Structure formats: structure tokens, C-alpha cells
Amino acid sequence: MILSAVVFLPIVFALVIAFWPNKSTLKPLAFGFAIIEFLLSLGIFKYFDPATANLQMVEQYVWIERFGISYFLGIDGISLWLVLLTTFLTPIVLLGSWTSIDQKLKGFLASVFVLQTAMIGTFLAMDAIFFYLFWELSLVPMYFMIGIWGGQRRIYATIKFFIYTMIGSVLMLVAIIYMMFLTKDVVGHMSASLLDFYKLNIPFVGGQFFSLQTLLFFAFALAFAIKVPVFPFHTWLPDAHVEAPTPGSVILAGVMLKMGTYGLMRWTIPLFPEAADYWGWLFMLVGAIGIVYGALVAMVQPDIKKLVAYSSVSHMGYILLGLFAFNQFGATGGLYQMLNHGISTGALFLLVGMIYERTHSREISKYGGLAGVLPIFTICFFIITLSSIAVPMTNGFVGEFLILLGTYKADKPFAFIAVTGVVLGAVYMLWMFKKVFFGEKGELVADEHHPLHDLNSREIAVLVPMIIMVFWMGLFPNHFLDYTKASIDHLVNNKNNYELTYQPTNQSSITETQSLQVGSTGVRQ
Amino acid sequence: MRARKVAHMPSNFILEVGLPHYLVLSSLLFVTGMAGVLLRRNAIVMMMSIELMLNAVNLSFVAFSRYLGLLEGQVMVFFVMTIAAAEAAVGLALVVAIFKRFKEVNIRFFEHLKG
Amino acid sequence: MTNIGMADVFRISPMIILFLSSLIPITIKVIRGNNEQAPAATLFQGLGGLFASAILLATVYTLLGGGAQSTAFARAIVIDGITLWVGLIALMGAAGALLLMHDNPATNGDQFSELVFLTLSSALGMLLLVSAYDLLVVFIGLETMSLALYVMIGMSHEQKLSKESAFKYFVLGSFASALFLYGISFLFGTVQSTYIPDIIQQTANLIGTNRLFMIGIILVVLGFCFKISIAPFHAWTPDVYQGAPTPHSAFMATAVKAVSFAAFLRIISTKSLVGSESLFDFLQWLAVFTMIVGNVAALIQNNFKRMLAYSSISHSGYMLVGVITAGISDKTSFANSGVVFYLAAYSLMTLGAFAIICLMEKDENTSIQIDDMAGYAKRHPLMAFCLTLFMLSLAGVPPTVGFFGKFYLFSSAIGEGLIWLAVWGVLNSVISVYYYLRPIVVMYMKEGDAEEAALDFSATKTAILISAFFVLVLGIISGPLFALVEKAL
Numbered sequence: 001m002i003l004s005a006v007v008f009l010p011i012v013f014a015l016v017i018a019f020w021p022n023k024s025t026l027k028p029l030a031f032g033f034a035i036i037e038f039l040l041s042l043g044i045f046k047y048f049d050p051a052t053a054n055l056q057m058v059e060q061y062v063w064i065e066r067f068g069i070s071y072f073l074g075i076d077g078i079s080l081w082l083v084l085l086t087t088f089l090t091p092i093v094l095l096g097s098w099t100s101i102d103q104k105l106k107g108f109l110a111s112v113f114v115l116q117t118a119m120i121g122t123f124l125a126m127d128a129i130f131f132y133l134f135w136e137l138s139l140v141p142m143y144f145m146i147g148i149w150g151g152q153r154r155i156y157a158t159i160k161f162f163i164y165t166m167i168g169s170v171l172m173l174v175a176i177i178y179m180m181f182l183t184k185d186v187v188g189h190m191s192a193s194l195l196d197f198y199k200l201n202i203p204f205v206g207g208q209f210f211s212l213q214t215l216l217f218f219a220f221a222l223a224f225a226i227k228v229p230v231f232p233f234h235t236w237l238p239d240a241h242v243e244a245p246t247p248g249s250v251i252l253a254g255v256m257l258k259m260g261t262y263g264l265m266r267w268t269i270p271l272f273p274e275a276a277d278y279w280g281w282l283f284m285l286v287g288a289i290g291i292v293y294g295a296l297v298a299m300v301q302p303d304i305k306k307l308v309a310y311s312s313v314s315h316m317g318y319i320l321l322g323l324f325a326f327n328q329f330g331a332t333g334g335l336y337q338m339l340n341h342g343i344s345t346g347a348l349f350l351l352v353g354m355i356y357e358r359t360h361s362r363e364i365s366k367y368g369g370l371a372g373v374l375p376i377f378t379i380c381f382f383i384i385t386l387s388s389i390a391v392p393m394t395n396g397f398v399g400e401f402l403i404l405l406g407t408y409k410a411d412k413p414f415a416f417i418a419v420t421g422v423v424l425g426a427v428y429m430l431w432m433f434k435k436v437f438f439g440e441k442g443e444l445v446a447d448e449h450h451p452l453h454d455l456n457s458r459e460i461a462v463l464v465p466m467i468i469m470v471f472w473m474g475l476f477p478n479h480f481l482d483y484t485k486a487s488i489d490h491l492v493n494n495k496n497n498y499e500l501t502y503q504p505t506n507q508s509s510i511t512e513t514q515s516l517q518v519g520s521t522g523v524r525q
Numbered sequence: 001m002r003a004r005k006v007a008h009m010p011s012n013f014i015l016e017v018g019l020p021h022y023l024v025l026s027s028l029l030f031v032t033g034m035a036g037v038l039l040r041r042n043a044i045v046m047m048m049s050i051e052l053m054l055n056a057v058n059l060s061f062v063a064f065s066r067y068l069g070l071l072e073g074q075v076m077v078f079f080v081m082t083i084a085a086a087e088a089a090v091g092l093a094l095v096v097a098i099f100k101r102f103k104e105v106n107i108r109f110f111e112h113l114k115g
Numbered sequence: 001m002t003n004i005g006m007a008d009v010f011r012i013s014p015m016i017i018l019f020l021s022s023l024i025p026i027t028i029k030v031i032r033g034n035n036e037q038a039p040a041a042t043l044f045q046g047l048g049g050l051f052a053s054a055i056l057l058a059t060v061y062t063l064l065g066g067g068a069q070s071t072a073f074a075r076a077i078v079i080d081g082i083t084l085w086v087g088l089i090a091l092m093g094a095a096g097a098l099l100l101m102h103d104n105p106a107t108n109g110d111q112f113s114e115l116v117f118l119t120l121s122s123a124l125g126m127l128l129l130v131s132a133y134d135l136l137v138v139f140i141g142l143e144t145m146s147l148a149l150y151v152m153i154g155m156s157h158e159q160k161l162s163k164e165s166a167f168k169y170f171v172l173g174s175f176a177s178a179l180f181l182y183g184i185s186f187l188f189g190t191v192q193s194t195y196i197p198d199i200i201q202q203t204a205n206l207i208g209t210n211r212l213f214m215i216g217i218i219l220v221v222l223g224f225c226f227k228i229s230i231a232p233f234h235a236w237t238p239d240v241y242q243g244a245p246t247p248h249s250a251f252m253a254t255a256v257k258a259v260s261f262a263a264f265l266r267i268i269s270t271k272s273l274v275g276s277e278s279l280f281d282f283l284q285w286l287a288v289f290t291m292i293v294g295n296v297a298a299l300i301q302n303n304f305k306r307m308l309a310y311s312s313i314s315h316s317g318y319m320l321v322g323v324i325t326a327g328i329s330d331k332t333s334f335a336n337s338g339v340v341f342y343l344a345a346y347s348l349m350t351l352g353a354f355a356i357i358c359l360m361e362k363d364e365n366t367s368i369q370i371d372d373m374a375g376y377a378k379r380h381p382l383m384a385f386c387l388t389l390f391m392l393s394l395a396g397v398p399p400t401v402g403f404f405g406k407f408y409l410f411s412s413a414i415g416e417g418l419i420w421l422a423v424w425g426v427l428n429s430v431i432s433v434y435y436y437l438r439p440i441v442v443m444y445m446k447e448g449d450a451e452e453a454a455l456d457f458s459a460t461k462t463a464i465l466i467s468a469f470f471v472l473v474l475g476i477i478s479g480p481l482f483a484l485v486e487k488a489l
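Residue numbers (the working numbering), protein chains in the order written: chain A, 1 to 525; chain B, 1 to 115; chain C, 1 to 489.
Simulated from the structure, these hints should not be mistaken for lab results.
Take these hints with a grain of salt, some might be off.
Just so you have them, the derived chain B footprint on chain C, three or more residues with Cβ under 8 Å [unchecked claim]:
#, region
1, 185-195
2, 444-451
Okay, derived cross-link-like pairs now, BS3-like style, lysine-lysine, Cα gap no bigger than 27 Å in a straight line [stated by the list, open to error]:
#, chain 1, residue 1, chain 2, residue 2
3, A, K160, A, K27
4, C, K168, B, K100
5, C, K160, B, K100
6, A, K104, C, K378
7, A, K306, C, K446
8, A, K409, A, K485
9, C, K446, A, K160
10, C, K378, A, K106
11, A, K27, C, K168
Just so we're clear, the structure is a prediction, and the values are computed from it rather than from any experiment.
In this text, a Cβ means the ideal position worked out from N, Cα and C, and glycines have one as well.
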């Protein structure tokens, strides 16, 4: 029950907010709801067994019997921390946008909660159509958030975001439907359950592009690649990030991009292992290109938000390298880096938002010498910068180090490129930091008429949890990795015939299995 | 539109009238009607052409009915004639309404619904 | 000799009740000396007739069980699953159109009773069309439906565009009917019967060998393609939908399209016909062409009704994919259910979208451009949300019923191996997202003063809210409905 609650409670919250009569209590109410959701998600730990790689806390009910589509939620080590990242970031986002969003507040808060449902649903759904539903659903609230509360070119950015992402998604839908028909032969009835998909044995031919497994692999991979975003398909990201309002950017960078890498890890690689092996080099290549390209382009950006956006592209390249290294280091590092990126880039966008609220400009050239005026802000920004650069003791270091280790084991040239990327990452971040914070005071900083105030207590309250996470994840990674170890080991070791099982925990799932058998139209063995 | 029911032309095609002749005639009438609808611009003439098409079909039905010995064809003709009459009534009512508004029955004035 | 008795009358009782109730408003008007009664009374009489007819239709179907004894009048009429479900769709479309007509300035006023009569007569024609088992009855139903519509459009209070649109619809519709009839005559000549199952049975023998039969089939298909606006015979649709009063456009886009597709399904979709080498590729190309033409043309439209017209053309393309699938499929009930479910879903969404346009029309001469919706969300958030729902559903975004309709349709297509058609279909859905998002963008994200025409719109709003509710609910719980439809088919 707890998984259903975690997924659908935000929609209930959204409805309550939509009909709440009192405008002044809206923001505290929403913040309270987000905290409740976070505490509820912490409750997952009570039932989570880190020793097993099985799917846990499973809830499976028949939804559309004719097609074998079920309401199927389940959690394991891979999705656990991603769900927590989502519920952790949401109250922070709400607190951070306290003063920056004031018009159409109800719509905004409702969108945040609907988006939260969609994101958590994506991470927990174990049925292909159920997953697809949440995947597509996440587009709508983000579309509204960028389009209504965004910057100057918001309409262009949001339509580009929507259509670009949807192109990949619909091809994935065709692939899903095709695989649903394939399950009929293997399981006896049509099923959309991911666990049944894992049982499929799809023929693979090495060199041909048009062999079945390759086509399905690319259909899935394209959808996720656009989301991550992988190098040639990244063009929607800078526009969307820059034009989105601060909370939108934080959620987009913090969680939504992870939906893509999660999809690669949970869906693409285990479902099509031979194709993944064969074409893995391609993904490592574009990952490496992304790292370097993102870093180089970030270096020349005049707009600080765009710089952070391109740094996102660069960081996601690391995750891609880690995932396609197909070894324990790479996979663990990739998963850990997903969480790290959520924290560090989310915090970066929050910081940029704070300074934007004060000066309404994001031009780096207009800043300078901020350290003298806003010392606390500088300290926070510096700590997050260190995390982004992957300095030891911060979370970024653990993730990147594991990825580099894994990549080196798998494919040495890419490791060298990745290491170069680390250096470049340091270059643009420290360069930007120097330009903004040190040196002569820029025109916005030295302006006598608009003195800049340092962080107020609300903003500090927003950043402190992030900073705590940076160090906690950096110094004690095992607190987090202990929960993921079993699942990742299972994934890496059994990649070629990956299967997930679960213990039926409640009566309904047992009867459900029976009813699925009863409702089958195929031949039962 | 030439529809041939027989595989080869018998030598007395011109002299002996059979099913193919009726079908050919009906198709000629139909094509004439079609041309009228597509090419003429006077609303009344277009209505006439539609009536011509429907009557061509009537002819075809009667011909089939006669030469195949089925009565359904002739039953169809009754229905089609009734419906054609109703259609004519509706169409002419529309033409009257158009005439009242535009003072013309030439459809070259119907250009507002474009693009 | 077949006996025609009370059993047959029982089977057509929905149509009889519809006919009788269509006479009530105008009879009352005559009795009152040509004075209109209160529009609400007329509306309720119309809706009551439609509702009674729907109940009777469901009753007749349930009592007969859809088997061999569900035919009537010497097998001219059949009350089977398609009749039931598509008939209900048609009646629902008519009810929605009546609600819209009650408020719309181009249709309300002193000829409302006549409009109710004509709407119900058109619905009667639609019931005939979906229950037809003989080509003659198909023709009669088609003509009844269409003639009533020609008059309805011509009766609009708006003087210029509606007359043009009515005349265009009349000429092209009659032209298509004549083509269709000519095709029937050839089919009659070769199969020597107009009974549909006979024709279907003989298709396998005759389609390859008999040239006349082939021409007959082609003419029948052409006639239908006009009616359901398949490219390249779609050119009348944008003009007619734009010029006609919005309630009538809604009626045409939903009910007329649904029943025409149902009749098409009944006649065309058999394996020997659709699967024959000549027709199979031809139909697929038609479907793809229609989807592309509809979607691409809709991208550049500024008039809201015209955009919806092109969108409805593209949806015809998707439905044609379903008909092709139903044709070549062995599991006919599965594929047919996909088509029928999509017809229902599409009718709901389109009715809702046209209804929102109705809200904006101040008088009979306004023509709503998409940019006229700017800032609508600020003043009327609930209606803006409903329009958003309809647009997202038309685009096929989960969890609306539009997504599931497309999902069922493309699933059966993929199941039959028509993967390329499915890929074209989903890619076209993505193209369509762009123009479906435009009204949403304009409503929420642009500054403007869009205001509803300051009239009492309770009937229209009822239609909108009911449609929106079902669009969402049927999306989330689509399984039972689909299973129910499939059982019937």
C-alpha cells in the first residue's frame, strides 16, 4: 500500500490545492504537503530489505485485462534512491520558490504535485503501459510550468521540449506494443508487465540494423536518450532550462533527466542485453562526446543559467559512460551520480535563482566581486561548485571516481576522455566562480541604488539540506550504496538473462495472478 | 467508363440490344452528369446533373433487374426515385435561399470559404 | 415468404420512437399557431426522444442477444453490436448537438423546433445506416441523414457562409451518394443481391475475376471516402465545417463520421476484400495520405473551426487504419472493438472542443480565430481546463481516453503486422501535438481579453462538463468499456 500512497498522494494534494479557498495559506499548505510526502517516502525504508535483489513492496492489480495491462508498482535498490531524491527535492523547490512565483499560484503548486506523481510513478511502475502513462504525464505539468511562469522565449522552449520528448516516446510505445504481442507466446497471454518482458528471448543478429532486437533497443533507447539528454539530441535542454522558472529548472535537472538514465538502466539494457553489448560503444562514445562538448560549450556561455544547463549535459555524459560500462563500478557510479547530479545541479539552479531574484540578470559579465557583498551565498555556492567538480569529500567525487574506474575497466580510451572532462569541468566552473565572485565589483554588484542582501533564513534553510547531502553522500557513501548493492550486483551479473522476481505479499496479488491466467486467450502449457 | 459483361464482341453487337448496351448507355449518362456537376457553375444546372446521375443509376438497376430476372432492382428504382425527388426538393430550397441572398445562382461567388 | 410482424416493429422501435418524438416539437408549434414554445421545453422534448431511443436500442439488443434472430424486415435491418454501440454514439452526438443548438445564436430563436425535428430525423437516418444489412437500406439511411443535415446547415441565421457551406455540402454529398449508388448497382448486377452478407460471401470469388464487381467495389469505397473525408476526397470538409453553424459542425464531425465509419466497417472489412492485393496497398496509402494531409494542413490554420476540421480529417486517417486492421484480422471482434472504441472516444473529444468554440460566439457572424482565445484561462479556468483536456486527448496524451483509443487501435494494427502503419500513426500524433497545443498556449500563456459571449450558456456548459468528465474517466477506466464493446462485437 505504501507505494501507491507515495505515488498518488501528490495528486490528492494537487486537487486539494486546486480547490483551496484561502490564498494566503496556500504556500505553507503546499510546503506541508511536500514534507508529508517526504516523510511518507522515508517510511519505505521500514519495509525495504537491502539484502535482496527482488522487487519489493509489490502492488499488482489487473487494470485492462484484455491486454494484460496491470497496475504494477514495485521498488528495488535501483529505484529506491531516485524516489527519495524526488520527494527530497520537492519541499526544497517549494521553499526555494516562495517569493519568486506569485501569479497563478494554485496552478503552479498543483503542477508541482502532479509532476511529482508522474516522476515517482515512472520510477516505480513495473508495467510497460503504466510506465508509459507516467512518462508522458510528466510532460504536461512541466510544459505548463515552463510556458506560464518561464522567461522570455518560454513558449518556443516549452513546445520544443514537449514535441522533442514526445517523438522518442511514441516510438517507444510502438516497441512496447510489439513486445506485448511477443509475450503472448512466452507467457501464454498478452502481458505488459516488465517482469514478463524480461522473460522474452528476442533474436539478435549482430551486424544488421533491422534485426528485431536492435530495432526495439533503439526505439527504447531513443526515447530515453532524448530525455537524458544524449549528445545529438540535447538541443532542447539549454532552451528549456534557461526559460524555465527556477523551481522548474531544479525539478527538470534534478529528477526528470534521471528518468532517462533510469529508463536505460531498468528497461533498455536488461531487456536487450545483446544489442546493448553490441552497440554499447556507441553510447559510450556519445557519452564521452557529451562530456567534452558540454564542458567546452559551457565555458563560453555568457549566461550563468545556460552554463549550468550545459554542465548538466556534461554530467549526464558521465552517467551514460558508467551505465554502458556494464560492470559493477560503472553501474554503481552511474546510479550514484544520478543522485549527485540531482543534488548539485539542483542546488546550482537554486543559487542562480536566488541571485536572479535580486538582480534580474544572469549575465556573468555584469557580476564580479560578489564574495565581498554576499559572503554566505559565496560559501554555499563554492561548496556546491566543489560537488559539481567532484572534489574528494563531496558526493560528486564518489560517483565520478566509480564511473572512471568502471570505464577504465571496460574501455580505456573513453576513460581518458572522461578524465579530460573532469579537468574541463573544473575549468569552466572555477572560471565562472572567479568571474562572478572575485575580482572587481561588477555593475550589478556595485550598484548603490540596489544593494544586494545576503541570504535570508528561508534561503539558508533551502541550501543547508543540500549541503548536508553533499557531504553526507561524499563522506559516507555506503549509507546509501548499501541499499543499492544487491540490485546492482544482480543487474550486472545477470545482465544477459536478467529477471526480476517478487514474493507475493498480499492476497490480491495471488488472486491477481490467477485471474491473469484465467483471462488468458492464449494456449496454456 | 465502358463496362463489358461479355468477354468478346459478338458480330451483331449493333443490331441486338442486350444488357451491355444498357450499361453503356447508363455509364454515358452518368459520366455526363458527373461532368456537369464538376464543370458547370450554375446551381440549377448542377442540380440537373445530379438528377441525371441518379437516373443513370436507375437505368442500370432496371437493366440488371430485367436481364437477371430479379425484382430487387426495380424495387431499388422506386426508392431511388423517391429519394432523388426529396433531394431535388432540398436542393432547390437551398438554391432559393441562395438566390434570395446573393441574387445570383452562379457559384463563382462562392469563394469566401477558402484558405 | 417472410412474414413481417410485430417482431420486426419491435426491432425498429428505437427508430419509431425517434421519429415520433421528432414530430412533437413541430406539432406543438403548429398547435400554438406558429409560435415557438420555450426553447428549454423543445430541448427537453428532443433530448427525451433521443434518450428513449437509446434505452430502447439497448433493450432491443439485450433481449435479442445479437444472434440470428436480431434481423428484421426480411434481413434488411440487423441489431448487432455495431448497431448498438455506434447507434449510441450517434444518439449521444445528436444530444450534444441539441444542447449546443439551444445556446448558439446561429441556431436558436424562432426555428428551433424545426431544427430539433431535423436533428432527430438525421439521427433516425443514422440509426438506419448503422443497422442496415442491405445496401438499399444503407443508401436510404445515408440520404435521410444527409438531407436533414443539408437543410439544417442552410437554415442558419448567418446569411453568407452557411449558405455556401450548405450548398457545397449538398452538391458534393449528392455526388458521393450517386457514385455510391452506381457502385451498388454493379454489385447488385454481379452478386445478384443487395444483401450485405451475400456480397461479403461472394467477394472472395468475384474480386479477382469480375471486372464489374471490382468497379462496383471501388465506387462504393469512393462514395464512402467522400463521406468520411478521406484524402484526396476531403476538400469539402474544412469549408463545410467552417461555414456551418458550430453545433452542426459538431454534429457532423461526431455522429455523421461515426455512423459512416460503421457502415464502411460493415461492408468493407472482410479479409477477401481488404486483403486483396489491389485494395490492400491502396487503402493503406489512403490512410497515410489522409493522416499527413490532415495534420500538416492543420498546422497552418488560424481559424479554430477549420483547424478542428483538418484535425477530424487526420482522425479519419487513424480510423481507416483501424478499418484496414479489422479487415485483414482473424480476430474480428478485437479489431472492430478498437475502431468502435476510437469512434466513441473521438466523438467525445471533438464534441467538447466544438462546444468550447460555441461559448465564444457572440452572434451568428463571429468566426473564432485561435488567437481570440488569448487569456481565456484567467477568467474561466474551469472551461480552459476542459479545453486543455480535450486538446490533450485529441493529441493522444495519457491518461485521457484519446490515448487509450489510439493505443487500442495501434495495438490491433501491430498485432496484425501493420507495423509501418502504426509508426506513421504515432508520428502523425506527434505532429498533431503542435497544433493541439496552440490553443492551450494561447489560453494560458498569452495576454489577452478573451471573454465568453455574455449569454446564458448552461446547456453548452453541461455538454462540455459531461464530455470532459468522460474523457478523463473513460481514459483511466477504459478496460471495462473495451471489454463490453468487444463482447458485443
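Now the hints, each set against the structure:
1. With 7 residues having a Cβ less than 8 Å from any Cβ of chain B, the region 185-195 of chain C passes the three-residue criterion, so the hint holds.
2. Residues of the region 444-451 of chain C lying with their CB closer than 8 Å to a CB of chain B number 0, which falls below the three-residue condition for coverage.
3. Pair hint A/K160 plus A/K27 does not hold up; C-alpha atoms about 30 Å apart against a cutoff of 27 Å.
4. Only pairs whose Cα atoms come within 27 Å are accepted, and C/K168 paired with B/K100 is accepted, the gap being roughly 17 Å.
5. Only pairs whose Cα atoms come within 27 Å are accepted, and C/K160 paired with B/K100 is accepted, the gap being roughly 11 Å.
6. Taking the CA atoms of A/K104 and C/K378, the gap is near 9 Å; set against the 27 Å cutoff, the hint holds.
7. Under the criterion of a C-alpha separation no larger than 27 Å, the hint pairing A/K306 with C/K446 is consistent with the structure, at around 25 Å.
8. Only pairs whose Cα atoms come within 27 Å are accepted, and A/K409 paired with A/K485 is accepted, the gap being roughly 19 Å.
9. Between C/K446 and A/K160 the CA atoms are separated by roughly 17 Å; this keeps the pair inside 27 Å, and the hint holds.
10. For the given pair, C/K378 sits about 12 Å from A/K106 by alpha-carbon distance, which is consistent with the 27 Å threshold.
11. For the suggested pair A/K27 and C/K168, the alpha carbons sit about 57 Å apart, so the restraint of at most 27 Å is broken.
Hint check: violations occur at hints 2, 3 and 11; the rest are consistent with the structure.
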